[in-house]
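A.B. asks: Residue-level listing of the chains:
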Amino acid sequence: MSIATVLGEGGPQAATPRRTRARGHLPLLLPGLVYLTLFFVVPVGALLATSLYVPVPGGDVGQYQPALHWQNYTDALAKFWPQLVRSFGFALMATIAALLIGYPMAYVIGVRARGRRLLQGLMLVLVVAPFFTSFILRTIAWKQILADDSFVVSALHWLHLLPPGGRLTATPFAVVCGLTYNFLPFMVLPIYASLERLDARMLEAGADLYASPFTTFRTVTLPLSMPGVVGGTLLTFIPASGDYVNSSLLGNNTNTSMIGQVIDARFFKVLDYPTAAALSVVLMVAILLLVGAYVRRSGTEELL
Amino acid sequence: MTPRRRPPITDPRVRELVRAARTPRGSALSRRSFLLGTLGAAGVGALLAACGSEGEDVVGVVDRSTEERLVRWANWPIYVDQDESGASPTISAFEDLSGIRVDYAEAIEDNESFYASVQERLLAGADIGYDVVTVTDYLAARLIRLGYAQNLDRTRIPNADNLLPSLKGVDFDFGRTRSLTWQSGFAGIAWDKQAVPKGLRTVSDLWDPDLAGGVQLLSEMRDTMGLLMLEEGVDPSGTWSNDEFYQALEVMREKVSSGHVREVAGNSYADALVAGEAVAVFAWSGDITALNFEHGDRFEFAIPEAGGTLWSDNLLVPVGSTHRSNAEDLFDYYYQPEVAAQVAAWVNYITPVEGAQEAMVAIDPELAENPMIFPDDETLRRVSVFRTLEPDEDERFSNEFFAAAGL
Numbered sequence: 001m002s003i004a005t006v007l008g009e010g011g012p013q014a015a016t017p018r019r020t021r022a023r024g025h026l027p028l029l030l031p032g033l034v035y036l037t038l039f040f041v042v043p044v045g046a047l048l049a050t051s052l053y054v055p056v057p058g059g060d061v062g063q064y065q066p067a068l069h070w071q072n073y074t075d076a077l078a079k080f081w082p083q084l085v086r087s088f089g090f091a092l093m094a095t096i097a098a099l100l101i102g103y104p105m106a107y108v109i110g111v112r113a114r115g116r117r118l119l120q121g122l123m124l125v126l127v128v129a130p131f132f133t134s135f136i137l138r139t140i141a142w143k144q145i146l147a148d149d150s151f152v153v154s155a156l157h158w159l160h161l162l163p164p165g166g167r168l169t170a171t172p173f174a175v176v177c178g179l180t181y182n183f184l185p186f187m188v189l190p191i192y193a194s195l196e197r198l199d200a201r202m203l204e205a206g207a208d209l210y211a212s213p214f215t216t217f218r219t220v221t222l223p224l225s226m227p228g229v230v231g232g233t234l235l236t237f238i239p240a241s242g243d244y245v246n247s248s249l250l251g252n253n254t255n256t257s258m259i260g261q262v263i264d265a266r267f268f269k270v271l272d273y274p275t276a277a278a279l280s281v282v283l284m285v286a287i288l289l290l291v292g293a294y295v296r297r298s299g300t301e302e303l304l
Numbered sequence: 001m002t003p004r005r006r007p008p009i010t011d012p013r014v015r016e017l018v019r020a021a022r023t024p025r026g027s028a029l030s031r032r033s034f035l036l037g038t039l040g041a042a043g044v045g046a047l048l049a050a051c052g053s054e055g056e057d058v059v060g061v062v063d064r065s066t067e068e069r070l071v072r073w074a075n076w077p078i079y080v081d082q083d084e085s086g087a088s089p090t091i092s093a094f095e096d097l098s099g100i101r102v103d104y105a106e107a108i109e110d111n112e113s114f115y116a117s118v119q120e121r122l123l124a125g126a127d128i129g130y131d132v133v134t135v136t137d138y139l140a141a142r143l144i145r146l147g148y149a150q151n152l153d154r155t156r157i158p159n160a161d162n163l164l165p166s167l168k169g170v171d172f173d174f175g176r177t178r179s180l181t182w183q184s185g186f187a188g189i190a191w192d193k194q195a196v197p198k199g200l201r202t203v204s205d206l207w208d209p210d211l212a213g214g215v216q217l218l219s220e221m222r223d224t225m226g227l228l229m230l231e232e233g234v235d236p237s238g239t240w241s242n243d244e245f246y247q248a249l250e251v252m253r254e255k256v257s258s259g260h261v262r263e264v265a266g267n268s269y270a271d272a273l274v275a276g277e278a279v280a281v282f283a284w285s286g287d288i289t290a291l292n293f294e295h296g297d298r299f300e301f302a303i304p305e306a307g308g309t310l311w312s313d314n315l316l317v318p319v320g321s322t323h324r325s326n327a328e329d330l331f332d333y334y335y336q337p338e339v340a341a342q343v344a345a346w347v348n349y350i351t352p353v354e355g356a357q358e359a360m361v362a363i364d365p366e367l368a369e370n371p372m373i374f375p376d377d378e379t380l381r382r383v384s385v386f387r388t389l390e391p392d393e394d395e396r397f398s399n400e401f402f403a404a405a406g407l
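The listed protein sequences correspond, in order, to chains A and B. In terms of this note's numbering, the first sequence is residues 1 to 304. In terms of this note's numbering, the second sequence is residues 1 to 407.
Rather than coming from a laboratory, the hints here were simulated on the basis of the structure. Being a predicted model, the structure only gives us computed values, none of them experimental. Just so it is clear, CB atoms sit at the ideal spot from N, CA and C, and this is done for glycine as well. Don't take every hint at face value.
[As the list claims (entries may be wrong)] Pair by pair, the computed Cβ-Cβ distance ranges are:
#1 B:D377 <-> A:P82: 42 to 50 Å
#2 A:V128 <-> B:P365: 51 to 59 Å
#3 B:Q247 <-> A:V85: 26 to 34 Å
#4 A:E196 <-> B:A124: 15 to 23 Å
#5 A:V56 <-> B:N151: 40 to 48 Å
#6 B:E390 <-> A:L29: 46 to 54 Å
#7 A:P82 <-> B:N242: 56 to 64 Å
#8 A:G292 <-> B:N151: 36 to 44 Å
#9 A:A141 <-> B:E300: 26 to 34 Å
#10 B:Q247 <-> A:A141: 39 to 47 Å
#11 B:E294 <-> A:W158: 28 to 36 Å
#12 B:E106 <-> A:P57: 12 to 20 Å
#13 A:L33 <-> B:G169: 58 to 66 Å
#14 B:G175 <-> A:A67: 36 to 44 Å
[To be verified] Calculated from the model, a selection of chain B residues having no Cβ within reach of chain A, i.e. all distances over 12 Å:
#15 A265
#16 A306
#17 P371
#18 D377
Please put together the full structure from these sequences, using the hints given.
C.D. replies: Structural data, given as structure tokens:
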């Protein structure tokens, strides 16, 4: 018996090739299913359960017991809605900024540098290279770039773009900058992937039909790269809205706090597990709804 | 100690500078102290052999110290003396003379997060992977209250009699049978001497409109709230209740929301001071001593006129540890004045060991006079220990405190 028959690859002489093939693929799926069950389904279940816990009566700090206390959700939202709204606001700003910066980068690498393999490869490496160092280190570097005595701040003072005594660190601006920078590659790479497949003859056709470069871009390039744009914005927006590294290192822990920071503080500093769990669930559901609405609107069904 | 008190240094250049500044005294293990240590531990070894102790108060946990010559110690970053290679001379000396291997881990970055990570195993009475944990007063109190700390055999730790009298009767462990102090420190106010030439005397001086945006508070509730309450005339070690706490919290909420306070954070205040971004802060004494080492006395630390807070970090043997006797040997070793002085010379915090001041003279006479390492009675009268909170208070207060800080 050959390996092909064991795996269900019956070949032309097999009686029902479609059914055997389907069954043959199940064992291949198993590791993924087990992994997801163990490390996603079970923890999410535990999270849901924890979000409804109540403190043990007369118990010590950090001791909770199972219950169905739905009020945890309303309490958490009443207290932390500003941070939740702020998170989505910051994530949205970072996504737009990353799109404005990332699209031209992807365009140059994917379309303009076409045919020059070395240059293309080099530019892609430059996009990916920051990933070779730790996320935290890169964020700390930003802290120094935006510090009060940095050349960025002194230049801005000199240009009178920043009022005297104005600063960048510990401001929302710094947090959004950090988010934009840290998630930029997630924006560039998907857009690059879709632009790279763009048929250059389409652009020629646009020019032949007397379309201005801008019209060609608007009616040909942009629509064809939409799957990349949608993918890139999702990959930027989702992690950015849950991020807490940028806001805790570049923010001031007060009026720049994002929801991830609140969840972290509730879990590890206040030991208020139910509130932390409830906020995590709210964040997950909110992202799911926002992303669902977005993908539906932008009409790229293949992503759902 | 929290990392805020002693932030781990990430910049290799800074690390180099710190080492250069500290090496001469940090690695100094005098011949005398070495000999004394050897004798002390030899005695302990003999005692150990004679006793063959069993963990008497923990059901199901057998002390295997005699078979496994090992003690696993969880401590905060940069909280023991180090030489150029990063090894600790005092730990090496202890290993040599006791034959007990020390697995030293800088495993604690934050009291509550450390507790959150081991809570389940403590509850089950299981081994948490450490035989010694170093935790701040309130967490030590909680561990003892919940029965998560083993009883120490004080007869096996004769040097613990060197414990400072003021630390002998702490409210969470009156006879010190389940905990021993590792280091203590003050929380007070600190400022940049160039930016604030006239200095600060009270907590209210930090609210000067000129300092707006340059003030930083600590995210350790007991220190920030302690200082604010003292300013309101409330002794945090006394029998205050909700009203006094919330009144002080209101001050913080107002200063935070108005933007006068730049940040409520931990370890990062030291970086912010150095960068000139924060000029007036709530700070921990040892940090400022260390910063001044590196930056030529640029900063000054003071206990506010209304008083400061005093905190301690404590050594505990968690339930489920199978090396209690080894841990006791370790404690006994570090309670020798010479060893304690060696550690204090490096970490710059208050040593809890009586006689260490005299021993310090041999290492560095100047440090022996430093009131932040060896506070006199006058200094000690001006600080108070934040009282142990009831569990429900602890929960409510920390909830409100972090919410006021924006978390």
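A.B. asks: Evaluate each hint against the coordinates.
C.D. replies: Hints, one by one, checked against the model:
1. B:D377 <-> A:P82: 42 to 50 Å: Holds: the Cβ-Cβ distance is about 48 Å, inside 42 to 50 Å.
2. A:V128 <-> B:P365: 51 to 59 Å: holds (56 Å)
3. B:Q247 <-> A:V85: 26 to 34 Å: holds (30 Å)
4. A:E196 <-> B:A124: 15 to 23 Å: violated (55 Å)
5. A:V56 <-> B:N151: 40 to 48 Å: violated (25 Å)
6. B:E390 <-> A:L29: 46 to 54 Å: Check passed, 53 Å falls within 46 to 54 Å.
7. A:P82 <-> B:N242: 56 to 64 Å: Since the Cβ atoms of P82 of chain A and N242 of chain B sit about 25 Å apart, the hinted range of 56 to 64 Å is violated.
8. A:G292 <-> B:N151: 36 to 44 Å: With Cβ atoms ~57 Å apart, the hint is violated.
9. A:A141 <-> B:E300: 26 to 34 Å: holds (30 Å)
10. B:Q247 <-> A:A141: 39 to 47 Å: Given a distance of about 42 Å, which is inside 39 to 47 Å, the answer is holds.
11. B:E294 <-> A:W158: 28 to 36 Å: Roughly 30 Å apart at Cβ, these two residues keep to the hinted range, so it holds.
12. B:E106 <-> A:P57: 12 to 20 Å: About 38 Å separates the Cβ atoms of E106 of chain B and P57 of chain A, which means 12 to 20 Å is violated.
13. A:L33 <-> B:G169: 58 to 66 Å: For G169 of chain B against L33 of chain A, whose Cβ atoms are near 59 Å apart, the range 58 to 66 Å holds.
14. B:G175 <-> A:A67: 36 to 44 Å: Given range 36 to 44 Å: holds, Cβ gap about 39 Å.
15. A265: violated (5 Å)
16. A306: The assertion about A306 of chain B holds, with a minimum of 25 Å to chain A.
17. P371: holds (31 Å)
18. D377: holds (34 Å)
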